[in-house]
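Enquirer: When you line the sequence shown up against the numbering used here, it's residues 2 to 388, in that order.
Hints are computed from structural coordinates only; laboratory data are not their basis. Treat the hints loosely; a few may be bogus.
Below are the DSBU-like pairs computed for lysine-lysine, each with C-alpha atoms no more than 35 Å apart in a straight line [as the list claims (entries may be wrong)]: (1) K313 x K300; (2) K131 x K207; (3) K313 x K246; (4) K59 x K144; (5) K99 x K63; (6) K115 x K55; (7) K131 x K171; (8) K87 x K171; (9) K207 x K292; (10) K292 x K320; (11) K292 x K340; (12) K282 x K343; (13) K300 x K315; (14) K292 x K313; (15) K236 x K171; (16) K320 x K282; (17) K297 x K313; (18) K87 x K115; (19) K120 x K99; (20) K236 x K131; (21) K313 x K236.
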Amino acid sequence: MYYLKETTMNKNALYPYGVGIFIVCWTITCSLFTQSILNRQEELILSRISSILKEALKIEQKIFIQLFSSYYDPITSTNSLFKEEKVEWCYQHYFIIKDPNRSRLDSIFHAELKQKRIKATGIISCTYKKQNTYSSSDTLLLKEAIPLTPITYRFDENPDHNITLQAYVKYPLGWFIIHTPMIWFLVVSWLTGVIGIIVGHRYREKIKKELPLTDIKTHFTIQWIEIPDGVRFDKQHGIVVYKGKEIQLTPNSASIFLCLLEAENYTLTHGQIYAFAYDRKYREDLSREEKMTLNKAIKRLRAQLAPISFIKIKAYKGKGYQLAIEPLPPFYTLSGLYKRYKQSFIYKKSYPTYYYISRHFKKENKNNHKKRGRPRKPLYERMSLAR
2 MYYLKETTMN
12 KNALYPYGVG
22 IFIVCWTITC
32 SLFTQSILNR
42 QEELILSRIS
52 SILKEALKIE
62 QKIFIQLFSS
72 YYDPITSTNS
82 LFKEEKVEWC
92 YQHYFIIKDP
102 NRSRLDSIFH
112 AELKQKRIKA
122 TGIISCTYKK
132 QNTYSSSDTL
142 LLKEAIPLTP
152 ITYRFDENPD
162 HNITLQAYVK
172 YPLGWFIIHT
182 PMIWFLVVSW
192 LTGVIGIIVG
202 HRYREKIKKE
212 LPLTDIKTHF
222 TIQWIEIPDG
232 VRFDKQHGIV
242 VYKGKEIQLT
252 PNSASIFLCL
262 LEAENYTLTH
272 GQIYAFAYDR
282 KYREDLSREE
292 KMTLNKAIKR
302 LRAQLAPISF
312 IKIKAYKGKG
322 YQLAIEPLPP
332 FYTLSGLYKR
342 YKQSFIYKKS
352 YPTYYYISRH
362 FKKENKNNHK
372 KRGRPRKPLY
382 ERMSLAR
């Protein structure tokens with residue numbers, strides 16, 4: 002007999018395109034967020050390097066100005082600039098005379114960057130009287146570096162007399178990404194979204210495989226018996242479906258499974274099961290051969306249902322059988338973790354050893370009990386009890 006899924010033109014045909022559109026939109030959103038975070042982080046790093054440059058200027062003044070303090074006299078002029086600003090200009094003018102390329106400031110600046118654990122290289126540019134000088138002759142670094150905010154010193158209102166210091170810095174991309182933790186969060190979010198959509202799509206495809214099947218010849222939809230935790234049973238053909246896998250039961254096993262499913266509390270006596278499965282007259286006083294036949298049929302049914310671990314058939318000695326459906330509790334609970342551990346390879350591998358040891362100790366205890374013996378009652382007491 003052939004089976005096919007019902008195929009109709011509906012929303013399901015457009016579902017893969019929707020998944021692709023969602024992944025593209027999610028990627029664009031994450032990339033925009035990443036770009037904004039990178040720009041913000043770059044601004045923070047450049048502002049930090051600018052503050053380090055200002056610290057390097059102060060260190061340079063402390064080291065070199067004190068040595069020549071006896072020769073230094075601030076020049077005053079009649080303009081609106083403050084005296085402190087003019088003094089700073091004089092300091093920088095003195096440094097330009099002594100060190101036109103500002104190599105000393107460059108070395109102090111790099112030492113401070115190293116102390117602050119910032120992996121960056123830079124060049125310092127000094128502009129005075131429309132002439133530019135650089136602390137290094139590396140033109141390639143100058144082209145690739147990022148310019149910082151220039152620092153300007155004024156002496157009077159004439160802009161040609163201004164002294165402008167500007168640093169150009171370059172840092173490795175790997176160091177920049179490592180010091181941007183939000184990038185990793187966005188990458189993980191993007192991966193989680195994409196993987197979640199792909200897994201959901203595959204899970205949906207699996208569920209579609211479990212949809213009611215249709216016979217080509219008769220075009221009648223099969224009636225399923227729903228069992229907890231996503232298990233379904235086709236009583237017409239004896240098929241058990243779980244997680245997209247089909248288990249074909251033998252006719253006898255299917256009859257026993259169906260009668261247990263339809264019974265109250267999933268419990269039946271030996272006579273009831275035997276009468277339903279083998280189409281016999283109901284009676285409870287089964288012969289030994291009939292009980293053995295029923296036990297073999299139950300054993301066969303257990304073996305066929307073995308892939309579904311939470312469906313078990315419990316035996317009540319001398320009474321009957323009960324179909325126990327016990328889905329595993331969630332994995333985040335202690336009982337769920339314990340039951341999953343009992344089903345794991347490690348437990349199954351170590352269990353025979355434990356069973357052998359426990360059996361060995363039980364046997365020893367039994368032998369010791371026999372050796373110790375049990376105090377027998379006197380003959381007259383046994384006779385009186387017998388009477």
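Enquirer: Going straight from one Cα to the other, do K87 and K115 come out at no more than 35 Å?
Expert: Between K87 and K115 the Cα gap is close to 31 Å, so the pair holds against 35 Å.
Enquirer: Is the hinted pair K313 and K236 satisfied, with a Cα-Cα distance of at most 35 Å?
Expert: holds (18 Å)
Enquirer: Quick one, are K207 and K292 close enough, alpha carbons at most 35 Å?
Expert: Not satisfied, since the Cα-Cα distance of roughly 41 Å exceeds 35 Å.
Enquirer: Please work out if K131 and K207 have their alpha carbons no farther apart than 35 Å.
Expert: violated (75 Å)
Enquirer: Run the distance test for K282 versus K343: straight-line Cα separation, threshold 35 Å.
Expert: This hinted pair is violated, its Cα atoms lying about 42 Å apart.
Enquirer: Hey, K236 versus K131, does the alpha-carbon distance stay inside 35 Å?
Expert: violated (96 Å)
Enquirer: Does the structure keep K115 and K55 at a Cα separation of 35 Å or less?
Expert: Holds, at roughly 15 Å.
Enquirer: Hint check: K292 vs K313, CA-CA at most 35 Å. Holds or violated?
Expert: Measuring from Cα to Cα gives roughly 20 Å; hence the hint holds.
Enquirer: Are K131 and K171 close enough, with their CA atoms no more than 35 Å apart?
Expert: With Cα atoms ~25 Å apart, K131 and K171 stay inside 35 Å; holds.
Enquirer: For K87 and K171, compute the direct alpha-carbon distance and say whether it is at most 35 Å.
Expert: holds (32 Å)
Enquirer: Could you grab the alpha-carbon distance between K292 and K340 and see if it respects the 35 Å cut-off?
Expert: Within the cut-off at roughly 33 Å; holds.
Enquirer: What's the verdict on K320 and K282, does the C-alpha distance respect the 35 Å limit or exceed it?
Expert: Given that 35 Å is the threshold and the Cα spacing comes to 18 Å, the pair holds.
The earlier numbered hints that this structure contradicts are 2, 9, 12, 15 and 20.
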